[in-house]
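Position chain X against the provided structure of chain S, taking the given hints into account.
So the sequence lines, in the order shown, correspond to chains S and X.
Numbering-wise (our numbering), the first sequence opens with residue 1 and increments by one.
Numbering-wise (our numbering), the second sequence opens with residue 1001 and increments by one.
Each hint can be trusted.
In silico SDA-like cross-links for lysine to any residue, where the CA-CA straight-line distance does not exceed 25 Å:
1) S:K306 - S:H267
2) S:K44 - X:T1212
3) X:K1188 - S:N133
4) S:K313 - S:D246
5) X:K1265 - X:M1041
6) X:K1317 - X:A1241
7) X:K1188 - S:G152
8) S:K44 - X:Q1140
9) X:K1188 - S:S113
10) X:K1091 - X:L1128
11) X:K1317 - S:A124
12) X:K1091 - X:R1103
13) X:K1317 - S:H14
14) S:K44 - X:D1239
15) S:K44 - X:M1208
16) S:K44 - X:E1210
17) S:K146 - X:E1145
18) X:K1265 - X:E1045
19) S:K44 - X:S1150
20) S:K253 - S:V182
21) S:K146 - S:N133
22) X:K1188 - S:A112
23) X:K1271 - X:D1085
24) S:K134 - S:S120
25) X:K1091 - X:Y1040
26) X:K1271 - X:D1327
27) S:K44 - X:L1213
28) X:K1188 - S:T126
29) X:K1188 - S:Y121
30) S:K44 - X:N1238
31) S:K44 - X:W1200
By construction, these hints were calculated from the structure, which means they are not laboratory data.
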Amino acid sequence: MARSDAPLDSPAKHPPAVVLGVVTTDLLNTSEPLPLEAAQQALKLLPGVAADSHRHPVEQAVSPDLFYGVDCRLATIRGAQPRAIGTVRARAVLTAGHVLQGSARVDVVLDASTRRMPWSYYAACTGTVEAINKADPADLVSGFLKTPNGSGLLDLGGIGTQVMALLDDIPQVDGRADMRTVASRLRWAVLVREGVDLDAEVVAGSDGAFQVRMTAPSELVPRIVAFCEILALHQWLLAALKNAFDRAGRSPKPMDELDPALSYLGHVWNPTAHLPTEIAWLWEALEHDAQLTWEWESTVTRVRDKLSLLTRKAIEGTLHKEFL
Amino acid sequence: MTLTVSRADSPTPIFHERSQGTTVQNLPLSHLSVEVGHFYMDELENGEGPILAQFERVKPWLAAAEASVACGTEKPRVSTCFLIDDYFQRKPDAGQIIERLLRLSRQAGVRIDYIARESSCAVRADGLRVAELVARRLLQEPEPETSTGSRPPALNSGWLANGRPPREEKVLSAMRGHVWKPADEFSKRNHSIFLDVELWRDPPESPMDEETLLNQRLYSCPFLAAVWQLVRLGLLRNDGAPALAVSEPPASWPDDWSLFPDIIKVNPQAKPFYAYRAFSIMPQHFLGIEHAVRTIVEHFLVDPGVGESLHIRAEEKNIALPQVVADRVSHHFLDGVS
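If we strip away everything but chain X, and leave its shape as in the complex, we get:
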């Protein structure tokens, strides 16, 4: 049967039901979020000289970022942030470290607007598993020409690759039982740069329930850094609200990192924390980690409603916003100091 009927004018509905689905919040947004340096926890604990030296080298690049921000028809809004490395190492002198950090950055002329904790990128202060919001939205690349959707995707190993690893293949030949096949990057240009990133490590024996398993899961540094980039870009949400929210600073700094809010606004005049684009300035030895971060971000699927809300606002203000999320992130790697 073929039906070709024109649409009649539909009357205005009189019954509405509040659907309990998620509505995406519109966040206040800067044009650019600048991460002004990065230290391992032991570097923060030790002498002040290297900290000051890094901030001094960050300063001109922060100025360059502020001068070149893409802001469409608006006045530029740039916020700065600093991520404290408190996930793998925790010492009980958090308050001291924060105060020293803020003092040295001021001394070097580098403004810090927000301080965040890496631990919150795994599990935030109220217990929500922020890292799992990313883990469950990573999609392994399909194998070329053979992925019809018939087989379920597998990302349970805690590893994410940008291609197929090298392997030995059995061949039906009496002369050579095995043939070595090189690694293959699925989206290579001529030659492959194969990368296999460890996202997390679970305890060796994991017969336990999911809750216990996730409590013991140890996330890798690149994975938490990928969470951090997605949070800065306003792309990671829980029930439509940002997965990590900004708080005012406590009356006095606690000594235990776990008592700190997830993200603290340390500069009352700061522009919004979340931004259309993110720029990170850090020592060059983080290049490998950031390559892994980029690979993770490239495999992250933004919730359609969240991605759309950012695009609509960018379009309204004539701000160029790349479709590809990884293209909203850039870096400057500082060369060696001594």
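Chain S on its own, in the form it takes in the complex:
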């Protein structure tokens, strides 16, 4: 994203009551990871603005923000679904040249207007939707987290997927990834309260998908976005490696599952790599309870053990044949 020299979080005209987001994560469909220079080129999704990037400790490129116009309903649990109009902000993040994320989010402003305003009004306040009906912020947070999709409802996951699809047809991507993966979606929502301490709850659903619910002051939102993208990345890494291990157990050619999984993903785990320092404690607290890094390491060990076992068997098989 283009930045001014100014502080990151300048006050908006109407502060948001709620911030909603979805991070979709999957493998970039290409046989070899993109070198950083190619990733920067690929993620230059707008002319005139360069992609942000880091080379250390894990290569990462972040596209400029793109905006999508919406006029639809927001999910609720108790109250009527309010109509919201404005633009959703979305960006693509490519980590280690191979793991692609579409990250969409929107600031929800309440009680600013009661009808659809001229489009220039929304164009001047990008990344924000205004609900033109009454709504309870806490109800919007619960509704968003508990209603993954529904007819006529804001589809942040769909927007994230569209951003990811922009990378399908570029020349750097050959469409021949050797590994089968499933896209995962992390939904997150922040109830904005100025002057309070950050309060967070991370829930792993029965389908394995993670959800994050927070109460936080608006100045923390950019860091929360980074945190949720990092969490989504690592939850996906863990699931993708475990899936590959499980598939290897059922497959007649287990090496074909384990080999690409290890070479594509084995080196990517580093949750604190680009974690903003202001929010690093949150990851530590999460590690204390969920021990994701321990789970990753033990899964990598299992994959490596299995690989060496299979290799030993293969060698023995060959030797056995030679002796016969």
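Same frame as chain S, but now just chain X:
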């Protein structure tokens, strides 16, 4: 699991990595940029009388603009500019035309600080596609109540509308097979003024690659004028720098327009070219074009970093700067001369 932990003091980081993202430049800014008249190329080629007459009618409005500029706590800074219409017609006597233009404006008492070329609003002198910086940042208005974000936005037709066009709808009735539905302006007040603007035209057969396609794309007059307004407002950037930069005048005027810099500072004492607000004085027959320009500008999404840098500076100097970009642009339309 619920985590409620207080934030520990974070130590000062010792490792910094220069990120290769874009940093927005702070531009020198006037409070107001005044466009002092406009002519089609053939009008510039013909007699001097009408040119002089238009400049004479511009003069009092320029004075009025200078007298009423919103400048907060600062001394007013107003710059003037003139856009040469060299995109649709090019004649090989550029030097002569510029000299005549400057002479007649001086004679009428109208100061011209900067001269810019309309062609540069499409592709600038070094080949950068300036128009595409705008084209890729236009967002079609979402249809009321049905736009959830599930469908990708479409702006590939080269047209931009402020609503839904009139159409015929099939109905399940034996009596009437079709029902006519009128056009609908999405942000109407009671009644619609539906506008559908042609932004550009591509060659009829376009199976070629993007590069070839863009080389042959013909931008419309309102589209290039919208680029021009956004450039004047300092909102159009390439890698953080202005998309069109100001140059000193060449030692002598070339005869070929394509050899001219994008924007030329013809008055050494001129205040900055870019400005918080833009005012254009032009004959009334441009009203339709400027309506289209406004519609395009209303659908343009400013890069967040660029918009913010202007707002922060305006706030520091107590200068009122409208959030809505189209509200920073105003016009005076001169009525008929004869």
